[in-house]
Amino acid sequence: MEEIGLLMQGFAVALQPDNMLLMLIGVVLGVLIGVLPGLGGANGIAILLPLTFAMPPVSAVIMLSCIYWGALFGGAITSILFNIPGEPWSVATTFDGYPMAQQGRAGEALTAAFTSSFVGAFVAVVMITFVAPVIAGFALRFGPPEFFAVMFLSFASFVGMAKGSPLKSLAAMMLGFLLAAVGMDTVTGQLRMTFGSSEMIRGFDFLVAVIGLFGISEILCSIEDGLSFKGQKAKIDLKVVLRTWKEMPKHALLAARSAIIGVWMGITPAGATPASFMSYGVARKMSKDPAGFGHGKIEGVIAPETAAHAAGTSALLPMLTLGVPGSPTAAVLLGGLIMWGLQPGPMLFVEQKEFVWGLIASMYLGNIAGLLVVLVAVPWFAAILRVPFPIIAALILTVCAIGAYTVSNAEFDIVLMLIFGVVGYVMKKLDYPLAPLVLALVLGDRTEEAFRQSLLVSEGSMGIFFHNWLSGGIMAAGIALLAWPLLGWLRGVIASGMGRARAA
Amino acid sequence: MAPAILAPGARAQRGWEPMRPVQFIIPAGTGGGADQMARVIQGIVSKHGLMKQPMVVVNKAGGAGAEGFLEAKGARGNPHMLVITLSNLFATPLATGVPFNWKDLTPVTMMALDEFVLWVKADSPWKTVADVIAAAKDQRLKLGGTGSKQEDQIIAAAITKSSGAPFTYVPFRGGGEVAVQLVGGHIDATVNNPIEAVTHWRSGALRPLCVFDDKRLAGTEKMTDTQSWSDIPTCKEQGLDVDYLMLRGIFMPAGVKPEQVAFYEGLMAKVRETPEWKELIQQGAFNTTTLTGDAFRAWLTKEDERHKTLMQEAGFLAQPS
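The listed protein sequences correspond, in order, to chains A and B. Residues 1 to 504 (the working numbering) make up the first sequence, in order. Residues 1 to 321 (the working numbering) make up the second sequence, in order.
Pulled out of the complex, with its shape left as it was, chain A reads as follows (with noise of 0.2 Å):
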């Protein structure tokens, strides 16, 4: 066994007191990272990058990488207290983590989401310790038409957990979709939809789209509603953590089904979101109780976060080994990796161990220091809850439009935002559901992407998607659990019509 070795060796460097406070400070950062809206893991790490080029790249990486975790913890506690999800991953937080916040249980749900995202990305730390050269291949598998598939299936797995009209589901759907094909078609090198306007060049952003849906939304029902947060009544102790803890044994089975979700998201490389709305929507589907979904349900915490940051991890792998960032926060590191002389690809396991194990290490170390210090900062995150709505409304704005403005420099996004507000507001109004449309809106343009470099790979024939093992088997997958409403349905009427039958 010599990873063990080489990861004790890695240890070793990761437990200098030095590296140990880097490691400290990087969580603190990235957890401030990750509750601002919009600054985001990628934009906190290219902002804080040139910082480490004066430390020996063993340090810097570890402190990035701890910025990187903190940053994935953070971005749950602003979906859960508030409904604005940071990163596109913790969207699918938000479902059953907001319910939970407005029920007074907020400590409860915060707790649930840090641990399971601990368990989730430690279960995809023990994988890349040990199995990292046979599935770093793997990836290799996956052309357009593969990753098409899974796209598919990520869809497939979705549709019918959103409440209420299908059809209203599917318009909101279709809207994402319409969205999410504005500004340049890769395929083509052509602007789409932009009317001329240089503003629209950009496309939509899901993340100015997201902040106005979810949150501006949000504060303009609760004005509605009497200028009041329905948490704030939660009793907030530390205790709260215990009581969560006893709990969450309960639910191993479907953390360790999330994690697996997580883990093979993130080497195909489809990445965290995609993970964790797949990963929801199979917990709503094999649960007892679908119905109490997206009504403050645990299980819709701890499976997206699970499966999120399995994925966020295991993304990591294939950037060190194939040099293709899995998320752009990876995209940044890698540039990182390059400026310390490193260059990322199926040479550094070789040439670089000392590196590499380090990173590693730092990996299981940064990871249990983040929970560490979230899970201490639970009670004080759940007390925001207290402050009084009109101040709490205020702040939230003005973080919101920060949040809008950094996504890309632009003050026409906070516009943008201002009228996804409205949007997000007439919807919830209307019954429409968010979350088909935020789907669309995030995986649309790459799902689009990859049908159409299918088609010109196979010059336009569809049985493309079923040319191997793979794609074949993930599209049937995809069928499958599309099909299997109907199955219910017509199950339904045959055991009615052999009622009828036996009766008559």
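If you're looking for bench data, these hints aren't it; they were derived computationally from the structure. All of these numbers come straight from a predicted model, not from anything done at the bench. Some hints could be false.
As the list claims (entries may be wrong) - With a straight-line cut-off of 20 Å between C-alpha atoms, the simulated EDC-like cross-links for lysine to aspartate or glutamate are:
1) B/137 - B/241
2) B/73 - A/199
3) B/127 - B/138
4) B/222 - A/351
5) B/52 - B/265
6) B/73 - A/411
7) A/429 - A/224
8) B/236 - B/213
9) B/161 - B/131
10) A/428 - A/225
11) B/137 - A/459
12) B/127 - B/231
On the provided structure of chain A, position chain B as indicated by the hints.
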């Protein structure tokens, strides 16, 4: 108080200096070649303390970089803004019809030129350019590249024009992704920049066939067991008369003062003297030509014309609507 009084005089002697943080716009996404270079420059400037004010890197990738260029065009006279460019400086306005031209910016300096290499999988049967051309005539190969109607597709079209071999061009988002798609066997060939594919070459997954330059690459250090950058033949040697280099240059908005341009010219010259920069140049096998002032302008004028011709022949020009 004396130092405070002295300071303005001292500054005047040394010429103009930025008074606010300098915004460094990348008209491309994170992780690509321009992004890497800009972040390395930012790192060098802060590590060696070359400038008192911080340099803030911003990605404005929307519309194949049009977003970043239009922002710089709108910032006339702003001396606290820099733009790093790639070939989309010429190609994006031509392909999309976005109202922009390189003359809307002030050229500062050419940092380097990025090379292009024709890559195939190491386990493919094609050992020479002629093999690939013959195979493409036979069964229409799939050539992957970054973006649509940008440098990679322009080269693909030029290969087809010169050799008569058709390719199906498949666009992807970034050079790293393109290289991995080739390693995975989902496409047959790429024209990746050296830095995008070097690690896969060294691991034995890819084979370089020729470089799209009129002379061979400079690096003589062995990159694999048997080959160095300079062992890769030029495409012309291989009978394929196509050459293409991509500008990595620094620009400012229009209407800035000559002393301001001079400051950044000097700054970038200092950047090019650092060991980190030399490391980047060596890793990426860049062509180290640098130009400033009128020579740079003349080069830009010529290149703009060349893109117009190449893209017109390939049918990539935006239709006037």
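Item checked: Hints violated by the structure (listed by number, smallest first) -> No hint contradicted; all consistent.
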